[in-house]
Each structure stands twice: as structure tokens, then as C-alpha cells.
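Using the sequences and the accompanying hints, generate a full structural model.
Protein chains in written order, with my numbering: chain U, 2 to 348; chain R, 2 to 280; chain G, 79 to 377.
The hints are simulated quantities; they were obtained by calculation from the structure and are not laboratory data.
Among the hints, a few may not be true.
Going by beta-carbon spacing under 10 angstroms, a handful of chain R positions derived as facing chain G [unchecked claim]: (1) L87; (2) V110; (3) L117; (4) G130; (5) V239; (6) A267.
Lysine to aspartate or glutamate pairs mimicking EDC-like chemistry, simulated, CA-CA at most 20 angstroms apart [said to hold, decoys possible]: (7) U/K64 <-> R/E54; (8) R/K98 <-> G/E261; (9) U/K64 <-> R/D43; (10) R/K174 <-> G/E95; (11) R/K98 <-> G/E370; (12) U/K193 <-> U/E151; (13) G/K191 <-> R/D222.
Positions of the beta carbon are idealized from the N, C-alpha and C atoms, including for glycine.
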Amino acid sequence: MPARYGAVMRNFLAMSAVLALSVVALGCGGGARDEAGTATLITIDGSSTVFPIAEAMAEEFGKANPDVRTPTVGISGTGGGFQKFCRSEADISNASRPIRPAEIDACRTAGVDYIELPIAYDGIAIVVNPANTWARAITVAELRTLWAPEAQGKVTRWNQVRTSWPNRDIRLFGAGVDSGTYDYFTEAIVGKEGASRGDFTSSEDDNVIVQGVASDELALGFLPLAYVEQNRSRLTIVPVDDGKAERGAGPITPSAETVRDGTYQPLSRPLFIYVARKAADRPDVQQFVQMFFDRPELVREVGYIELTPQIYDLARTHFADRKVGTAFGEGGSQVGVTLEELLARER
Amino acid sequence: MRLFVDRAFQVVALAVLCLALMALGALILDVWQDGARRLTWDFLSGFPSRRPENAGIWHALSGSIFVILVTAALAVPVGVAAAIYLEEYGTRSLMAKLIEINIANLAAVPSIIYGLLGLGLFVRGLAMGRSVLAGASTLALLVLPVIILATREALRAVPPSIREASYALGATKWQTVWHQVIPVALPGILTGTILALSRAIGETAPLITIGALTFVAFAPDSIWSPFTVLPIQIFNWVSRPQPAFRANAAAAILVLLALLLTMNAAAIWLRDRYQKKLT
Amino acid sequence: MTLRPRARSRGFEALIEWALFICALLSIGTTAGIILVLAIETVAFLREVSIVAFLFGTEWTPLFATPRFGVLPLVAGTTLVSVIAMLVALPMGLLSAIYLSEYAPPRLRRVIKPVLEILAGVPTVVYGYFALLFVTPLLQRFIPGLAGFNALGPGIVMGIMILPLVSSLSEDAMQAVPRGLREGSYALGATRMQTSIRVVVPAAFSGITAACILAASRAIGETMIVAIAAGQQPRLTWNPLVPIETMTAYIVQVSLGDTPQGTIEYRTIFAVGMLLFLGTFLLNLASAWLRERFREEYG
Chain U
2 MPARYGAVMR
12 NFLAMSAVLA
22 LSVVALGCGG
32 GARDEAGTAT
42 LITIDGSSTV
52 FPIAEAMAEE
62 FGKANPDVRT
72 PTVGISGTGG
82 GFQKFCRSEA
92 DISNASRPIR
102 PAEIDACRTA
112 GVDYIELPIA
122 YDGIAIVVNP
132 ANTWARAITV
142 AELRTLWAPE
152 AQGKVTRWNQ
162 VRTSWPNRDI
172 RLFGAGVDSG
182 TYDYFTEAIV
192 GKEGASRGDF
202 TSSEDDNVIV
212 QGVASDELAL
222 GFLPLAYVEQ
232 NRSRLTIVPV
242 DDGKAERGAG
252 PITPSAETVR
262 DGTYQPLSRP
272 LFIYVARKAA
282 DRPDVQQFVQ
292 MFFDRPELVR
302 EVGYIELTPQ
312 IYDLARTHFA
322 DRKVGTAFGE
332 GGSQVGVTLE
342 ELLARER
Chain R
2 MRLFVDRAFQ
12 VVALAVLCLA
22 LMALGALILD
32 VWQDGARRLT
42 WDFLSGFPSR
52 RPENAGIWHA
62 LSGSIFVILV
72 TAALAVPVGV
82 AAAIYLEEYG
92 TRSLMAKLIE
102 INIANLAAVP
112 SIIYGLLGLG
122 LFVRGLAMGR
132 SVLAGASTLA
142 LLVLPVIILA
152 TREALRAVPP
162 SIREASYALG
172 ATKWQTVWHQ
182 VIPVALPGIL
192 TGTILALSRA
202 IGETAPLITI
212 GALTFVAFAP
222 DSIWSPFTVL
232 PIQIFNWVSR
242 PQPAFRANAA
252 AAILVLLALL
262 LTMNAAAIWL
272 RDRYQKKLT
Chain G
79 MTLRPRARSR
89 GFEALIEWAL
99 FICALLSIGT
109 TAGIILVLAI
119 ETVAFLREVS
129 IVAFLFGTEW
139 TPLFATPRFG
149 VLPLVAGTTL
159 VSVIAMLVAL
169 PMGLLSAIYL
179 SEYAPPRLRR
189 VIKPVLEILA
199 GVPTVVYGYF
209 ALLFVTPLLQ
219 RFIPGLAGFN
229 ALGPGIVMGI
239 MILPLVSSLS
249 EDAMQAVPRG
259 LREGSYALGA
269 TRMQTSIRVV
279 VPAAFSGITA
289 ACILAASRAI
299 GETMIVAIAA
309 GQQPRLTWNP
319 LVPIETMTAY
329 IVQVSLGDTP
339 QGTIEYRTIF
349 AVGMLLFLGT
359 FLLNLASAWL
369 RERFREEYG
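This is the structure we're talking about:
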């Protein structure tokens with residue numbers, strides 16, 4: 002009898018030895034190492050809006066450099082990304098709005114310098130379910146009625162927004178409070194960044210909004226244009242009328258053209274990446290950041306609008322000169338920054 | 002009349018049981034229909050991509066396996082040791098009784114609470130960051146009560162005659178435990194451990210809470226590396242509305258279920274094989 | 079049978095015993111850790127928000143510009159989904175248990191029981207997938223106003239998930255009832271159904287109740303099914319057709335963003351976690367006490 006147990010025991014010890022060895026071998030292994038011998042990994046976090054671009058760039062970078070680890074991209078939201086960035090937990094911060102005064106302070110206190118680089122242009126689309134037959138257009142004033150803080154608990158039916166609309170529940174979906182899209186939307190529509198009703202489905206993950214609106218006949222939501230482009234058959238875009246005839250009369254449908262020529266207002270905005278000054282000295286980071294200027298077709302592929310070659314040249318120069326600081330002195334969301342405006346600011 | 006009602010009741014009860022089993026069948030069928038065609042070698046060995054047809058799960062699969070191995074390395078020695086203490090050494094003390102009750106409670110705590118513990122203690126407190134080690138430590142705490150309970154069952158099943166014979170021959174307590182009791186209980190311990198780990202491999206909530214959800218397109222290469230696991234990749238893909246990602250999620254689910262099936266089958270095979278040897 | 083271990087190994091033995099004891103203490107350490115981590119942040123949270131506002135407030139908008147910290151909408155969401163789950167799992171589980179315990183031939187039992195256990199072993203993220211992409215669209219065909227995120231779909235799926243728990247524990251309780259009781263009933267001419275319902279179930283009552291309480295505790299603590307399929311809109315409602323948010327889904331939602339230590343947002347997940355822990359802890363305690371009492375009756 003003892004012999005049999007001995008065999009069991011030997012097997013067990015052998016298995017544990019193999020297990021322990023494999024864990025140790027895996028655990029002590031390092032990642033790809035550059036010439037200096039330190040493992041390299043580019044960490045990116047922030048806006049869910051910018052995520053599709055960063056993801057595409059990271060993937061192409063990974064393909065072009067198979068022995069280096071592909072950059073990791075998180076979606077903590079623009080606000081969340083800046084928090085991580087100013088704590089040196091991320092090399093690059095994705096942002097769908099310029100950095101805010103509070104974040105500027107936090108970075109200054111932590112000694113983190115940043116290089117602000119515009120990378121694309123985006124429109125925020127108002128979307129409804131394809132079965133929605135009544136919402137053919139909407140005005141900025143109506144959006145304000147719907148999303149203002151006072152609307153919480155009170156504006157809950159379609160006919161309260163426009164009397165000709167049906168007397169049915171309205172179910173709202175929108176970006177979460179850590180999201181730059183949320184900041185920009187509230188600034189542009191309600192007039193104050195961060196001011197909105199609280200009783201809607203809010204998520205930093207824009208996919209949740211797509212799913213929510215696509216599966217609910219009575220839903221309305223706001224989304225970055227790229228997510229709408231990717232889900233054309235599941236959502237209906239509602240043209241927005243800003244009531245200012247000089248920038249295009251009547252309701253305007255967001256598209257590459259209307260965003261670029263500045264007629265889709267106020268819901269058009271530039272997208273940014275913020276690169277940590279320290280990270281900018283690393284060759285892999287430099288190569289990665291260059292991709293944002295050299296491969297604007299990826300921006301178009303994911304559904305956003307590329308910037309003009311002049312802006313990309315300016316951004317390239319800024320990066321090469323390691324120019325720190327923000328071109329948007331007041332900080333925070335800026336409404337009405339057209340491409341020309343952006344060019345002027347960056348000069 | 003009464004007999005008719007009795008018969009009817011029997012039929013209804015059986016029908017209800019079948020309904021529950023049919024739900025399981027519907028689930029598996031639905032997942033299979035959505036995902037089977039995506040199960041290619043490229044899918045298993047590839048990395049995530051923004052284009053669903055190019056996306057693979059190697060980062061998540063290797064992440065899952067690596068995390069489970071580290072979890073096992075952490076939890077099994079401690080769990081088995083604790084169970085040995087409770088079963089062989091301290092059965093009568095008040096402390097042991099308290100520990101017993103405590104373990105029974107811990108086994109029923111929701112897994113997300115363990116995630117919060119991991120966030121506060123490992124990620125922030127011990128500054129492990131969002132690494133494999135933090136994730137494995139959190140999961141280790143999660144499975145520890147289950148491993149302890151399973152090991153105790155296995156130890157209890159060892160006939161007392163073995164212990165008594167060992168003492169009669171002059172062996173010390175530890176010699177008895179190490180050379181006689183553990184080898185006999187080993188298959189039961191292994192079975193229980195594998196079952197506990199198979200539960201851990203399907204856990205999502207604690208790992209999300211400690212922050213494992215990002216675009217991680219590489220296999221983890223050290224315990225300090227960022228990582229992702231199969232359940233989180235599934236969660237990520239389920240959140241994406243394009244149907245092509247839904248197919249990916251279904252395929253990843255099939256891989257996860259296959260992994261679970263393998264582990265459970267191994268556990269059951271172990272138990273059956275050594276059970277025959279001992280009786 | 080006394081033993082005198084060799085003097086040399088006495089110290090070694092003591093050392094081993096101490097090492098094993100430390101490992102056993104780790105379990106206490108875990109509980110202490112959970113309570114400590116939750117309590118520290120909850121206390122810090124309650125310094126900024128009154129406990130009355132937290133426990134009885136009806137609006138939960140902690141992340142917004144005008145934050146409100148009334149946790150009732152989350153509690154309502156959790157309760158709603160759990161109630162739906164119990165409405166599915168209780169009758170079905172009990173009937174399954176009665177069938178397996180009183181009617182099924184032993185061979186059938188041996189086959190069905192493990193299959194039922196598989197239901198309990200499926201990872202919850204898979205159930206979430208099932209709820210969002212199969213059950214909800216299916217329900218939408220019959221219930222026109224059903225939103226994509228709602229409480230009904232995940233509630234039903236959660237019921238299926240905890241069904242094996244109810245069924246298996248109830249069946250154990252019923253099996254523990256002595257044969258004599260059944261035979262007495264049959265001797266008096268009762269049918270199997272009458273015996274099951276009027277004799278066995280009442281006798282196993284506390285064991286069955288313990289099973290249900292444990293299942294409810296499992297439902298309340300469940301995370302992935304609701305995080306995927308129930309929505310992220312905290313609202314105080316009993317309507318199962320609209321998006322809601324449960325306590326567990328809220329923790330996941332905030333964890334997906336950034337949670338810097340020391341902010342009120344970080345503290346809210348621990349405050350909600352504390353509430354969740356206390357709730358499930360009390361339920362588990364009640365269930366264990368009932369099971370202990372049942373064991374005494376029929377042990």
C-alpha cells in the first residue's frame with residue numbers, strides 16, 4: 002500500500018515542480034527590451050471618443066513593430082484619463098476637450114509637463130432608434146430643454162420637448178461625467194460644462210449608448226460621430242438646427258463635410274492627445290506619435306474627420322520642439338472651434 | 002381523481018425540470034450558432050483588433066491561464082495548510098471554531114466585494130498596480146475558502162485507522178500528516194482545488210474592479226504586467242454593438258466553456274481514478 | 079496510546095503547527111481586510127454625506143455637478159432584479175427538488191443532478207451575454223414597450239442561474255426527512271403528491287427556507303448579468319421594463335472609469351459595497367442558522 006501512495010506523492014511533487022518552474026519562468030521573463038535594457042510599454046488612457054483612433058494607431062504600431070509590446074489603451078474618460086496622466090500613470094492622455102484649469106494645476110503640482118496635439122475633428126450626433134418616425138430634426142433650444150439640470154424628473158415625455166411629438170416616454174442615453182463628450186455637450190447645449198440632468202443612462206463607454214438607443218424605440222442619445230458611422234443601420238441621426246442662419250440655415254446633418262466646413266455647430270470639436278514631456282524623449286513614443294500625423298487615413302477609417310495638412314504640420318513642429326502647455330488658455334471645452342480657429346490657435 | 006391530480010403534478014414537476022435544462026440547452030445552442038464559425042486557429046492565436054474579423058483571443062487566453070497558475074501558486078499551499086491545521090491540529094479550540102464559521106461566511110460573500118478588497122489592499126495599499134499579481138492575489142483570496150472546505154472534506158475522508166497505525170509506529174503528528182494522511186487525501190484535495198480554480202477562471206467582476214479592462218494586445222510576460230482575461234474580453238466584446246463582435250464574444254465564450262469543461266473533467270477523472278484505488 | 083516524540087523534532091513540530099496556524103488565520107485576515115477596507119472608506123464617505131441622506135435619499139447622482147447620494151434607487155434596482163429571479167427560481171427549483179427527491183428513479187437522478195449543476199457552473203458573463211442578446215430580444219417580441227436594458231431579462235436569467243442552488247439544497251433537506259414520515263403518510267392512503275406537499279415539504283421547511291435565503295443572497299450579490307443587461311440608470315421604480323441600475327452594476331460602472339483615491343466618487347463604491355456586504359452577510363447568517371436548526375431536528 003505505501004508504494005502506491007509513494008507513486009501518488011511523486012506524481013504530485015513532479016507536477017508542482019513543473020507548475021512552480023513554469024510560473025517562475027513566466028514571472029521573471031521580461032517584456033520587449035530596447036537597447037537600454039528596460040521593458041518598454043506605451044500606456045494610453047482617456048476619452049472613449051478618441052479610443053477608436055488610438056486603438057487603430059496602437060494596432061498598426063504593433064503590427065509594424067512585432068517585437069515591441071502593443072500600446073495599451075484604456076477608456077477611463079477624458080477626465081479620468083487626465084487624472085491618470087497627471088499621476089504619471091499614463092504616457093499619453095486621449096482627450097475630446099482641452100485640458101481644464103483644475104487638471105492644469107494637478108499636472109503642475111505633480112511636475113508633469115504635457116505636449117498638446119490636435120489629431121482629429123469630431124461631430125457629436127444626436128441619435129434615435131430607426132423606428133422613431135417623429136424626430137426628423139431638433140433645435141439647440143429643444144436640446145437644452147431636454148438636458149438642462151432643471152429637466153430632471155420633469156421633462157420625461159416626447160411632447161414636452163415639442164408639442165407635435167407623441168405623448169410617450171423619452172429614454173435618454175449619454176456620455177458619463179468622466180467623458181469629454183459629456184463636458185463638451187453640456188458646455189455647448191446647456192451653456193455650462195458639467196451641468197445636466199442626472200436621470201439618464203450615462204456611460205463612459207459609447208458602445209453602451211449605441212446599444213441602448215439601438216434597442217429601444219423611445220430612446221434618444223448623443224454620440225461621437227465615429228460610433229454612429231460604425232452603426233449606421235442601427236441608429237438614425239437627427240439633424241440639428243442651431244438657429245444661426247449665417248452658419249448654415251435649418252437643421253444640419255453631421256457628416257465629414259458639414260463638420261469640416263463649420264456648418265454643423267455647435268456640436269463640432271477637435272480631438273487631442275496629450276503626450277507627457279518625459280515620455281516624448283523615448284524613441285518608441287516618438288515613432289508612435291508620428292503615426293497620428295503621418296496616417297490620417299486611419300482617422301477617416303474609424304469615422305472621424307482628418308485635420309488639414311497645415312494643422313498636422315504645425316502639430317509635427319510642436320512635437321519636435323517639445324512645446325509644452327495648452328493653446329486654449331481658458332482651459333476646458335471650447336465651443337465653436339472650427340478648423341480655421343484651431344489653425345489660428347496653434348500658430 | 003386524486004390519482005389523476007397526482008399524475009398531473011408529477012408531469013408538471015418533470016416539465017419544470019426539463020424547462021430548466023432546456024434553458025441551458027438554449028444558451029449553449031445560441032452561443033454555438035453565433036460563434037462556432039469564428040473558432041479558427043487564427044482566432045485562438047491572434048490579438049485583438051478594431052476589425053472584428055481579424056480579432057483573436059491569445060492575449061486573453063494566455064492571460065487567463067497565467068493568472069490562474071499564479072492564483073493556484075498563491076492559494077493552494079495556504080489553503081491546504083489552513084485546512085490541515087483545522088482538521089488535524091485545532092479541532093477543539095474556540096479559535097478554530099471561529100475560523101470555521103468565518104470560512105463558511107467568506108465562501109458566500111459576493112465576488113465583487115473581493116474586488117473592492119483587492120482594489121483597496123493590493124492595487125492601492127500595496128501598490129501592485131493593475132498587474133497580474135494584484136489580480137491573482139485577489140482571486141486567491143476568493144478561492145481560498147473553497148479550497149479550505151474541499152481539503153477538509155478530503156482529510157475527513159481519510160480513515161482514522163491510518164493515523165492511528167502511524168502513531169502506533171512512533172511517528173510524530175507532522176510525520177503522520179505528511180507521509181500518511183496527505184497522500185491518501187491528495188486526489189480529493191486536487192479535485193477540490195481544480196474545481197475551485199475553474200470557478201475562478203470564469204470570474205469577471207473582481208478583476209474589473211481592480212482595473213483589468215483595457216485594450217491589452219499582448220500576452221502577459223511577468224507578474225507585474227498589465228493583463229486581461231477571457232471573461233473580461235467577452236464582456237468587452239459583448240458591449241460592442243456590431244454583430245461581428247457578437248460573434249467574437251460567442252466564440253470566446255465557447256473557448257472559456259471548453260476550458261472549464263476540461264478542468265472539470267480532469268477533476269472528476271482524478272477523483273474517480275484514485276477512488277477506485279483506495280477502496 | 080501516548081507518544082513521546084524525539085526531543086530533536088519537538089521544536090520542529092511546534093514550528094510546523096505555528097506555520098499551519100498562521101495560514102488558517104489568513105482567513106480571519108481576509109474577513110478583517112474586507113471589513114477594514116470597506117469601513118475606512120465608508121466612514122470617510124459618511125463624514126461628507128449624512129447617513130440619513132444616504133440610506134433614505136431617493137436620488138442617486140453622485141458623479142454629477144449637483145451630486146445626490148440617496149442609495150434607494152440602487153437598492154430598488156437590486157431588489158427588483160432579485161425578486162424577479164426568486165419568482166423564477168423558487169417555484170421551479172422547488173418543483174424540481176420535489177421531483178428529484180420524491181419521484182425520480184435513482185438512475186435518472188444520477189444523470190440529471192450533475193446536468194443541473196452545470197447551470198450553476200456557467201460563468202456569469204456568459205449569462206449576461208445570453209440575457210442581453212437572446213432573452214431580451216425574445217421578450218421584446220412579446221412585450222412591445224420593453225427597453226433594450228431592463229430588469230426583466232436579466233432577472234429571468236438570474237433565476238435560471240440560481241435555480242440549481244434552490245433545487246439542490248431543498249432536495250438535500252427533503253432527503254434528510256426520515257423515511258418513516260413518508261411511509262406513515264402512504265400508509266394512511268395519501269398519494270405521492272399529497273405526501274410531498276403536506277408532509278415532506280413542511281418537515282423540510284427550515285432547510286428549504288435556508289436554501290431560498292442563500293439563493294436570494296446570491297442574486298443580490300450577482301454582478302455581471304446586471305452589469306451587461308440591466309442598464310446604468312439609477313431610478314426608483316418597480317417597472318421591470320425600463321433601464322435600472324443595481325448596486326453591483328454601479329460599482330462596475332465607476333470601476334470602468336478612473337477612481338482616484340480620496341475622492342468622493344471613490345468612496346461611494348465602498349459605501350455601496352459596505353451596504354451590499356452587510357445585506358448578504360445577514361442573509362447568509364440567517365440561512366446558516368436555519369440550516370443548523372434543521373440539522374438538529376433531523377441530524
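Going through the hints against the structure:
1. L87: 6 angstroms, holds
2. V110: 7 angstroms, holds
3. L117: 5 angstroms, holds
4. G130: R/G130 check fails; min Cβ-Cβ to chain G is 13 angstroms, beyond 10 angstroms.
5. V239: Holds - the Cβ of R/V239 comes within 10 angstroms of chain G, reaching about 5 angstroms at its closest.
6. A267: Violated. Min distance 14 angstroms.
7. U/K64 <-> R/E54: Given that 20 angstroms is the threshold and the Cα spacing comes to 16 angstroms, the pair holds.
8. R/K98 <-> G/E261: Outside the cut-off at roughly 38 angstroms; violated.
9. U/K64 <-> R/D43: OK: U/K64 and R/D43 at ~15 angstroms, within 20 angstroms.
10. R/K174 <-> G/E95: OK: R/K174 and G/E95 at ~10 angstroms, within 20 angstroms.
11. R/K98 <-> G/E370: Since the Cα atoms of R/K98 and G/E370 sit roughly 15 angstroms apart, the hinted pair holds (cutoff 20 angstroms).
12. U/K193 <-> U/E151: Judged against 20 angstroms, a Cα distance of about 13 angstroms means the pair holds.
13. G/K191 <-> R/D222: Violated. G/K191 to R/D222 sits at ~41 angstroms, over the 20 angstroms cutoff.
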